[in-house]
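With chain A's structure known, arrange chain B on it following the hints.
Number of protein chains: 2
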Amino acid sequence: MASQSIQQYPSQLLEEAVNAFAKLPGIGRKSALRMALHVLRQPVEEADAFVEAVHRLRHDVGYCEVCHNVSDAGVCGICADASRDSRTVCVVESVKEVMLIENTGQYRGLYHVLGGIISPINGIGPGDLEIASLVERVADGGVDEVVLALNPTMEGDTTSFYIYRKLADFDVKITTIARGIAIGDDMEYADEVTLGRSIVNRVSYQTI
Amino acid sequence: MASQSIQQYPSQLLEEAVNAFAKLPGIGRKSALRMALHVLRQPVEEADAFVEAVHRLRHDVGYCEVCHNVSDAGVCGICADASRDSRTVCVVESVKEVMLIENTGQYRGLYHVLGGIISPINGIGPGDLEIASLVERVADGGVDEVVLALNPTMEGDTTSFYIYRKLADFDVKITTIARGIAIGDDMEYADEVTLGRSIVNRVSYQTI
Chain A
1 MASQSIQQYP SQLLEEAVNA FAKLPGIGRK SALRMALHVL RQPVEEADAF VEAVHRLRHD
61 VGYCEVCHNV SDAGVCGICA DASRDSRTVC VVESVKEVML IENTGQYRGL YHVLGGIISP
121 INGIGPGDLE IASLVERVAD GGVDEVVLAL NPTMEGDTTS FYIYRKLADF DVKITTIARG
181 IAIGDDMEYA DEVTLGRSIV NRVSYQTI
Chain B
1001 MASQSIQQYP SQLLEEAVNA FAKLPGIGRK SALRMALHVL RQPVEEADAF VEAVHRLRHD
1061 VGYCEVCHNV SDAGVCGICA DASRDSRTVC VVESVKEVML IENTGQYRGL YHVLGGIISP
1121 INGIGPGDLE IASLVERVAD GGVDEVVLAL NPTMEGDTTS FYIYRKLADF DVKITTIARG
1181 IAIGDDMEYA DEVTLGRSIV NRVSYQTI
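Just so you know, the sequences run in chain order A and B.
Okay, so the first sequence: first residue is 1 according to my numbering, each after it adds one.
Okay, so the second sequence: first residue is 1001 according to my numbering, each after it adds one.
For reference, chain A alone in the conformation it holds in the complex (with noise of 0.2 Å):
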């Protein structure tokens, strides 16, 4: 039954619905449908708390005015927060990769988040991204140190290249996050690039 295609809606609004849950990332029509038949059985109230959230989300969030990571407050609670390590600058993607390496509790400094990365396909170029406020941030002086923390595709990696160009000139130390075997995985089935990469950049030996 999995397989089979819902083609027939009794109603317009209906398909209306299925077509728009059907655009959310990573649902298909079927998943869609049983989203608006449950938006079509729910008390009002709660259909309309639904469609208020999403609609603030959108119109209603703000970005913080230094490291552009969204916020409902003028400066983010991580920029304000005065025990983190200004000096440090992590520069990732999207909030998404921020709320990531925050979960993980290792990282005290601050973010820069550049709202996309390069791509030329998508005719995203370095004008749309939070750059020239990044190369702003780190002229302003109290900056020791950029993290570039973006996803190794082709994209990431121009999109590092060209702020590590723009930053060359400038007294700051530009690093990378670590790429190499995760934790619990077998290097038998570890990439080459991986597996390279984690035996040139060996650290020394720790006991956990």
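Since the hints were derived computationally from the structure, they do not count as laboratory data.
Errors might be hidden in some of the hints.
[To be verified] Pairs of lysine to any residue residues, derived as SDA-like cross-links and limited to a Cα-Cα distance of at most 20 Å, are as follows:
(1) B:K1096 with A:A32
(2) A:K166 with A:R179
(3) B:K1023 with A:L37
(4) B:K1166 with B:R1179
(5) B:K1023 with A:K173
(6) B:K1166 with B:A1139
(7) A:K173 with A:V147
(8) A:K23 with B:E1097
(9) A:K96 with B:K1096
(10) A:K96 with B:E1097
(11) B:K1030 with A:E16
(12) A:K23 with B:A1139
(13) A:K30 with B:E1097
(14) A:K23 with B:A1049
(15) B:K1166 with B:P1120
(16) B:K1096 with A:A47
(17) B:K1023 with A:P43
(18) A:K30 with B:M1099
(19) B:K1023 with A:G28
(20) B:K1030 with A:I101
(21) B:K1023 with A:A32
(22) A:K23 with B:S1031
(23) A:K23 with B:N1019
(24) B:K1096 with A:E16
(25) B:K1023 with A:A22
Same frame as chain A, now just chain B:
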């Protein structure tokens, strides 16, 4: 990484939107976050179109006067279709089952959508469902057969039995969809009740 929980949100609006998405059926917190970030990256018009489609679904959708299926007009396309067999009425729980049955292309009668099933634990009694309107439809004449197509759960069976009792005094044939071994399934893995019913309700052998 799949089991990690993301708890710190940089924005309350983002958190509220994630909570809203996570209430959709089959959506966990990670998928909900991906959806919220997707909305955040979308052009405003696309996000507005999504919100509008969900809002209209809940507020503007109507129900067919005859069969109570979701419908944009007063009478739905199925009930209005003169080529269908109006003397056979299939009783289903919701619009989903109408779509599933329509999708088989094997049924040419009409429907009657109950809008739920009797469920004392959820406080849903016969009065909350479109049962009185079904009895009225049968009492008005013109119906030869009522096909009960509810799920074979305790609640579905209770609802079927309740409807059977209500219709017992009318001159109408009451049938139920066949239960048996699914096509392609191995008898070895069928449960005893299903296998038992499939033997009791055996049918003439057909080629193809």
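Status of the hints after comparison with the structure:
1. B:K1096 with A:A32: holds (12 Å)
2. A:K166 with A:R179: Cα-Cα ~23 Å, so violated.
3. B:K1023 with A:L37: holds (13 Å)
4. B:K1166 with B:R1179: Judged against 20 Å, a Cα distance of about 23 Å means the pair is violated.
5. B:K1023 with A:K173: This hinted pair is violated, its Cα atoms lying about 45 Å apart.
6. B:K1166 with B:A1139: Cα-Cα ~11 Å, so holds.
7. A:K173 with A:V147: holds (8 Å)
8. A:K23 with B:E1097: violated (24 Å)
9. A:K96 with B:K1096: violated (35 Å)
10. A:K96 with B:E1097: violated (38 Å)
11. B:K1030 with A:E16: violated (25 Å)
12. A:K23 with B:A1139: violated (45 Å)
13. A:K30 with B:E1097: This hinted pair holds, its Cα atoms lying about 13 Å apart.
14. A:K23 with B:A1049: holds (11 Å)
15. B:K1166 with B:P1120: The hint holds at about 18 Å.
16. B:K1096 with A:A47: Distance ~19 Å between K1096 (chain B) and A47 (chain A) Cα, so the pair holds.
17. B:K1023 with A:P43: Given pair K1023 (chain B), P43 (chain A) holds - Cα atoms ~13 Å apart, limit 20 Å.
18. A:K30 with B:M1099: holds (11 Å)
19. B:K1023 with A:G28: holds (17 Å)
20. B:K1030 with A:I101: Holds. K1030 (chain B) to I101 (chain A) sits at ~15 Å (cutoff 20 Å).
21. B:K1023 with A:A32: holds (14 Å)
22. A:K23 with B:S1031: Within the cut-off at roughly 13 Å; holds.
23. A:K23 with B:N1019: holds (19 Å)
24. B:K1096 with A:E16: holds (16 Å)
25. B:K1023 with A:A22: holds (16 Å)
The earlier numbered hints that this structure contradicts are 2, 4, 5, 8, 9, 10, 11, 12.
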